[in-house]
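Protein chains in written order, with the numbering used here: chain A, 158 to 642; chain B, 475 to 973; chain C, 220 to 321; chain D, 623 to 936.
Wrong hints could be hidden among the right ones.
Within a straight-line C-alpha distance of at most 20 Å, the following computed SDA-like cross-link-like pairs (lysine to any residue) qualify [unchecked claim]:
(1) K307/A - A923/D
(2) K822/D - A277/C
(3) K822/D - P674/D
(4) K307/A - E309/C
(5) K307/A - A277/C
(6) K779/B - E578/B
(7) K307/A - P311/C
(8) K307/A - L310/C
(9) K307/A - P789/D
With beta-carbon atoms standing in for the labels, derived distance ranges [claimed, not checked]:
(10) D679/B - L423/A: 45 to 51 Å
(11) Q353/A - S708/D: 39 to 45 Å
(12) S708/D - G199/A: 25 to 31 Å
(13) V512/A - P789/D: 31 to 37 Å
Stretches of chain A that chain C covers, calculated by requiring three or more beta carbons in the stretch to come under 8 Å of a beta carbon on chain C [claimed, not checked]:
(14) 393-404
(15) 555-568
In case anyone wonders, no lab produced these hints; they're calculated from the structure. Small disclaimer: the values here were computed from a predicted structure and weren't measured. Positions of the beta carbon are idealized from the N, C-alpha and C atoms, including for glycine.
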Amino acid sequence: MSTILIVVVIVPLLASLTCLMLPRLSDRLSLGTGLVQLITGGLLIQSLASGISHFHELGGWSPGLGIALRADALAGALVLLCAIVSLAATVYARRYFTCVETRYRFWPLWWLLSTAIYALLLSADLFNLYVTLELLGLSAAALCTIGAAKTEALRSALRYLMLGLVGSLLFLAGVSMVYAEYGTLSLMALAGQIAQTPATLVALLLLSSGLLVKCALVPLHFWLPAAHGSAPAPVSAVLSALVVKVAFYLLLRLWFELFSPVMTSLFATLIGGLGAIAVIWGSLRALTAARLKLLAAYSTLSQMGYLFVFIPVLAALPDEETRQLGFGALVLFALSHGIAKAALFLGIGVIQLQVGHDRIDQLAGSAQRFPIAFFAIGLAGVALVGLPPSGAFLAKWSLISNSLLTGQWWWMVVTLTGTLLAAAYFIRVLGAGFVTLGPEAPVKGVGVSLQAPALVLACLATFGLGLGAASLWDVLAMGSAGGQL
Amino acid sequence: MSMGELLPLMILCSSLIPGLIIFALSEEQHRLRSGLNMVGAVAKLLLVAGLIWGVYQEQVFEARWTLAPGLDFVLHVDALSVLFVSLSTLLWLVTTVYAIGYLEDSPDRSRFFGFFSLCVTATVGLAMAGNLFTFVVFYEALTLATYPLVAHKGTPEAVRGARIYLGYTLAGGLLLLIGAVWLRTLAGPLEFSEGGILGDIPGLDPDNLRWIFLLLMAGLGVKAALFPLHGWLPRAMVAPAPVSALLHAVAVVKAGAFGIVRVVYDVYGVEFSAHLGVLVPLGMLAAFTIVYGSVRALSQDHLKKRLAYSTVSQVSYIALGASILGPLATIGGVVHLVHQGIMKITLFFAAGNYAETLGVHRVSEMDGIGRRMPATTLAFTVAALGMIGLPPVAGFISKWYLGLGALEASQGIWVIPVLVASSLLNAAYFLPILYRAWFMPQRDWPRQMHIGYRGETLPSLQWPPVITATLALLVGGLAAAPFSPLEWVELIALREYRL
Amino acid sequence: MGSSPLLYAVTGALIFGIGLLASLRDEALLARIIAINISGVGVFLMLVSFAYRGFELAPDPIPHALVLTGIVVAVAASGLALALEKRLAELPKSKTHKEDSP
Amino acid sequence: MMIWSVIDILICALVVALAMAALYAPALRQRVMFFIAFGLVVAITWARLHAPDLALAEAIIGAGLTGAMLLMSLDHTSDMPREPASYGLRIGSAAMGGVLILGLMMIVSSLYPIHDGAPTLAVSQRQVESGVSHPVTAVLLNFRAWDTLLELAVLLSAALGILNLGPARRSCGHAASLTDGLARVLVPLLILSAGYLLWKGAFAPGGAFQAGAVLASAAVVIHLTGWEKLPRVGLRSLRLLLLVGPTLFVAVGLLPLLNGQAFLQYPVELAGLLILLIESAAMVSIAGMLTLVYLGGHPHANWPIELVNPKEPM
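Same shape as in the complex, but just chain A:
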């Protein structure tokens, strides 16, 4: 029984309840919770790296009858990602929401969202996953409306909520088919049983399409830009960095662990093709976006696309060992994007808060007025474009290398085109920000605690993940020793 898993999921839930109970303490409490989560995440990944596998049967009932929580290296890596991003966003949100009432309304929902993310990452039960998905969707939509009385924000939150519901519904339909076919909901029990039956295939399609809605893969993407582009900055950061990412995490689990006997190369190629369209189309839209946050949101579309481009390449790799390496690159890309995108949104938020807008053509002087935030945006850009020494660079190197190795050079073309387009839209932002304003005095300075989280995250994505990436492979290799991957 690994109590640490309970700490991971229950601490944010308790934080949410306590913030609701004692609003006046909630600012400090949230900071503490974020720190505790980070420490817990670190301990979890450390123990996973030393070969301990984590498992907790809730209620003491064996999986199948009860629900189990478990953490392998993949889950552990994502838990740590979530802990890092949410701590940064928490520190940031304390300064971002200047109205105290807004903060008091924000914290309980914030920690509910966090609960949903961790519960989803650790859950080993299909129906439980459905509940966590609903919690994720509802709390995220509710957060989108915080502090905003703008029609635009409410409308996109509503659309986000509705699409999330449709996605969950598809997922639930898939769950019920799986239950009818195999009589169990436990992922562990299912992993050995899944066979190539028509019902299994349909279940896979239903589960996948439900999650693809939540990942915003083209053509199910249309809700994302508005929702991510009009939420408050810390919420956008978490939505773009984590919420779409955990849906993708579930897809990975389904495709590579559970349904690997049903996954055909045709299916993988189809998914990769949609990902490729997302890469190009998202980048093109980002290139023409009028607002920074919208640009960042479209960039999320395109970056999520890369994750799907990895799928056919991985599926075509000949042997287990290279696939393991390629899988590590995929995880690295996801982590890198998560951290960098959060940094980007937090950096943009600083500018938006101070200037009152985030229109790209009116960014002149930003590099002078908000040097830290703008530097963070630039660094995040490096990681998002996939330039060295960022983690995304290593991941793209591996993707290109593997696509050449498997003779699928077209994925390489997509990757490189996307990279160039991404560079182009970041150059646009940097260029706009570097233009100096006249000699009029800069506006009041911006607090460090508002700017620092973005910078820390950006450095982490660009340098930390780049230089420290090797340990990720070690952890993944350890953690999946007993697993399927």
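Starting from the known structure of chain A, arrange chains B, C and D on it as the hints suggest.
Just chains B, C and D now, kept in the frame of chain A:
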């Protein structure tokens, strides 16, 4: 950690750490900022001196860090690295002094010097890169570190120039990346090794290797400003003078040329490249670029633009040297890496002095400037004569060896005419400047700055060109002395040809 | 136990499908909420018929528990969506940024 | 048996017909009415399929609360949709949808016969250890209590989201027919039956959700009659009301950890009592949350806390 691992890392850190600290400084702390810069630059110089000694003793300097399975980040120092490292370290020191004076009282200096240090870090890292992967990493890092420097002034023109610069170099970086990844999947880790590695690997498809060579050259050619990939260079002239100096003499352009040398000698191996038949097209292209750059330079009235096209032409000497089989041509090409750097930086310092002190930007405004600013103009003259190839200035040595090498490889029939034509063209665009500067009557200057000093301008502006011009004379005149660039390059050539 | 559960399960699949299709139409929010709820009932119907074991035997309790959870989640989500709609209706019809909408 | 087949076919046809009506009736009001009717028929279906817990829940929540919410929302929903897509497009998408649905129906029918999986067998074997004799309650509150806890969190996030949005719905004349007198009878009756459902849940259909929903519907009745007598809940009490269920649930779940046991692992001898405790608290919270969900806004403008100065520093 042994000294062999530590020294390359310390050399990197000696500019990286000051750079990072400088970012955090406020605008007013200029004393601390300048101090940090100078301490870093001097420390780097001392460390490099140790490195030279060690490499001469055939000590091994290597630091290795696994980034991902099969992808090692390697810093490895060989004779060629030492050449480039010492060049950049020396010129960085001089340029730092110059930049401190040049940017006095201008805004955003913390940002400028921060990126300036990062830029040198990337260049030095590129010089010490031990495999193609590490090279690519620093190659891209260099692009990123120089972008804010080019855009530094923040005028729409500067931002546009910087955007074009970034577009070109990122696209080039991608081509290089494709080539590197492709080669990596075919041939393993690609650790640079004197004499090349591909020739020893059996079972490689020559056609694939030719395609990869094309990709690599295209990627490197962008920074090396090979025709037709040179378009960014004249436009990047909007950068402040120290940046232009660094870009042209040490960092960006030289990184491309250095990369070409690396790929030809230490990845493909010069003999294997000749065997593949890829050297002749490269040589032709380099020769064309040499003539093309000079012709374009003729018609430029803007001084920095004229110098920029001159760079396009001069840097291709290095590629030309690399593309001719034989140790003499190698010596000519590689030594030009150093010689061109020293001479070109002098020219840009001088151009910066004219612009900063007198507001003179155009050749047509330079009448009589030699009398107003004799020291600067003297430095300019020495460097310009060197560029033309007049002994005893350094440029002569390079051209001499190139010519000998071409004869040795029995390619003199087309190389010698190119060298002659280029020298004539060089003379044609430099001599009129010299004539105007020394012999035409003075005009009214657009502005007068820094006149309160004893010299012709700020001391920190006046001395750097004088020093580098002297250096250009010394390396040319004392080319046969021990530890001169020429002697060092002969050592490199011996090792490359496994003689 | 005859074919009754099969009949209900197929009906469930049918309702799930038509509800889902209707929920994707461009309609008033209220209509789409109804559609999603109906579609959800379709899934529940499938689950409950999977649980049915005939007249004599007790049904499988697990799907029942799942559906109960599903019903509560559905009402919560519908409530939130309707409240959002209400808030939107109360806001003055302000100018929407045309270029922001995808 | 024959007669049951006929009844089954009739029920299914009715369900499908009402669903179609609720989806495609021309006016929104009609759709809402059909939806409520649909919910009632579905409740009957649950009863037919031996799922009385669901029948209760569907009747109260699915048809009742959701229906009431939809009815209340009719006022401010903009009317029927814009001009639909072109005729050909509609035919095309309908045809494609039809094919997909047919395929799904065929696949579903291929799932039969259904066999008990290992978990189902385990439920019946270990029922005695759960502390309650009604299997659905055992699954909900013990075997899969984690789901239920998270479900409370879902409700909580909906309630919090709604509280942040704006003022609650005003009671209005929609239910003028529901006279004051009727309400006076109905409300105590509803509260009573909530208590009964809660108590009964341990050994028969019923439990916290149904009971909470019944309580919430009592609040709905009060709201509909336009009474201003709905006790004015203070901010602190409102927060407590929402919190008590999930908090108690988590607290009870955490206690076994002290003994080195699993989260939510109730001691066998205390399980029945603990479940009743959790259910009672959960019922109160569920009632509060569902009432908020129905009200669609906050009853106090300055939720969540009365501040002297809203811009006070941290």
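Quick rundown of the hints versus the structure:
Taking the CA atoms of K307/A and A923/D, the gap is near 18 Å; set against the 20 Å cutoff, the hint holds. Between K822/D and A277/C the CA atoms are separated by roughly 18 Å; this keeps the pair inside 20 Å, and the hint holds. The straight-line distance between the Cα atoms of K822/D and P674/D is roughly 13 Å, inside the 20 Å bound, and the hint therefore holds. Of the supplied pair hints, the one linking K307/A and E309/C holds, its CA atoms being roughly 11 Å apart against a limit of 20 Å.
With a C-alpha separation of about 53 Å, the suggested pairing of K307/A with A277/C is violated against the 20 Å cut-off. Among the hinted pairs, K779/B with E578/B is inconsistent with the structure: their alpha-carbon atoms are about 24 Å apart, more than 20 Å. Our distance criterion of 20 Å between C-alpha atoms is met by K307/A and P311/C, whose separation comes to about 10 Å. About 8 Å separates the Cα atoms of K307/A and L310/C, which keeps this hinted pair within 20 Å; it holds.
A hinted pair counts as satisfied when its Cα atoms are at most 20 Å apart, and K307/A with P789/D qualifies at roughly 16 Å. D679/B and L423/A have their C-beta atoms about 30 Å apart, which leaves the hinted 45 to 51 Å range violated. Range check, Q353/A to S708/D: Cβ separation about 40 Å, and the 39 to 45 Å hint holds. For the hinted restraint 25 to 31 Å between S708/D and G199/A, the CB-CB distance of approximately 57 Å leaves it violated.
At roughly 32 Å, the beta carbons of V512/A and P789/D sit within the given window of 31 to 37 Å. Only when three residues or more bring their CB closer than 8 Å to a CB of chain C does the claim for the stretch 393-404 of chain A stand; here the count is 0, and the claim is violated. Closer than 8 Å: that is the beta-carbon criterion, and the stretch 555-568 of chain A has 0 residues meeting it against chain C, so the requirement of 3 is violated.
Hint compliance for this structure: hints 5, 6, 10, 12, 14, 15 are broken, all remaining hints hold.
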